[in-house]
Amino acid sequence: MIRPALFFLLLVLLLSISSCTEKENDETTIIFDKDVNIDSVKIYYFDLLSQKQIQIPKSINENTDIILDIKSSTYANLEVNDSLYNIYLEPGFKIRFSFLTNDKQKPKSDAELFQSYFRKLQTIFDNNYGYDFLKLDFNAFKKRNSFIEKSFNSVINDFNNENFKRVLVSYFETKMALQKLFYATVNYDLKSELNEETQYLLSSDDYKISDLEFGNNNIDASAFLDLYINSVIYPQISRNNISEPDNQLLKAIGVIKAANVDPKMREWLIAQSIYLKILSSGLDSVNISALENFQIEFENSNFITSLKELKSEAETLNPGTLIPNLSGIIKDSTLVSLHDLKGKLVYLDIWATWCKPCIMEIPYSKKLEKHFQDDNIEFVYLSVDKVKADWNDFLIKHKSAGLHLLAKDRKKVYKELRLYGIPHYILIDENSQIIDAYAPKPSNSELYKLIKQNLKSVVTVQ
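Residue numbers (mature numbering (1 follows the signal peptide of the UniProt record, and there is no 0)): -23 to -1, 1 to 439.
In case anyone wonders, no lab produced these hints; they're calculated from the structure.
Some clues are possibly wrong.
[To be verified] In silico DSSO-like links for lysine-lysine, alpha-carbon gap of 27 angstroms or less:
(1) K119 - K157
(2) K285 - K321
(3) K285 - K308
(4) K374 - K392
(5) K241 - K48
Small disclaimer: the values here were computed from a predicted structure and weren't measured.
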């Protein structure tokens, strides 16, 4: 399954303040050399489970400092003068904007020094972890990692503020862990027995998992955990011959609880596992039970709100609810909506020409259509391609049957159907009501049984 890109959100600037500096302002104030309209400044963070933007409440004091209402340390985004910065905040921190013109020779504070050190570190990552790093062979990748580690050490060796250094090291280790796991996921079959390469890439010594900063809304850590669950935990379950799909979430939670990781990471991994499972398969009894147990075990968890919100959203796709009236164009640009298809069972396939897993299902889709060609069912292929020509050329080349639509509004498709990724399949009844919002894929024999079972109850709508 292919998800919308998550892994290369650029951190432009990371700022942190020491609790050991001499002056109160140095201790609690982040200073930007910019002249701005204070009221226009936006400060927000992304909820790490839902990836939703959460605005941080702010006020302004008599010195025009921005006072932030936060309860715990957090990574956040700062929008100012059409620029975006990533900042690190703790309770009590203030932000001050000062357009300095006469103090250029003034010795830099630790906070200002930290900015320059972080920019050097960010440059190291920018120069060495472009998209080309995924194409490197294993030895070249190891060599590049060694170079990055040496470059990082040379940058921070003469940096004396230990609190600032801690933030830099934490950021560096999390970023390195994410890149290694991403490289491994793209280039290796992590479901097979670990070879020399994957041992290097997945080694707990390399990742230092227990030392990574998994709190504070760190988007890199969130991406790492997402990959770790799907690339390590679930394949571990598969290697142990745990074949019951309905129990995979419970088995995954068991693996997480047995792992030797710190409590915060354990809480996060379990929450993330539940969140991703609900996104990908909805509100079955196992997922609901796991959510309820999490609320009991981690009653004070910051993740409970996001999980509850996801549950409410997922309920809009429960069996018996009306499918969102999404629309798309056919080849001649005629607009067709899903509600136009009443009177037939509808098997909806959301796909794209750039999606390899989608394309791999095409032979099975053709076989499925042929099997049910005399039955009252419509096979609808809703593409989320951006470029109409790509979609059109693909259909000409592959001569696929069924009703093909190019989504009128791609973002609306993802939002209304709560898509975790594509391909995604939905079975809809003759009244445009959902039968299964997480239907089996064409290559799964269970789909034939599901369709046959529901064809019996189809009554043609006049």
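Hint numbers contradicted by this structure: Result: hints 2, 3, 4 break, sorted rising.
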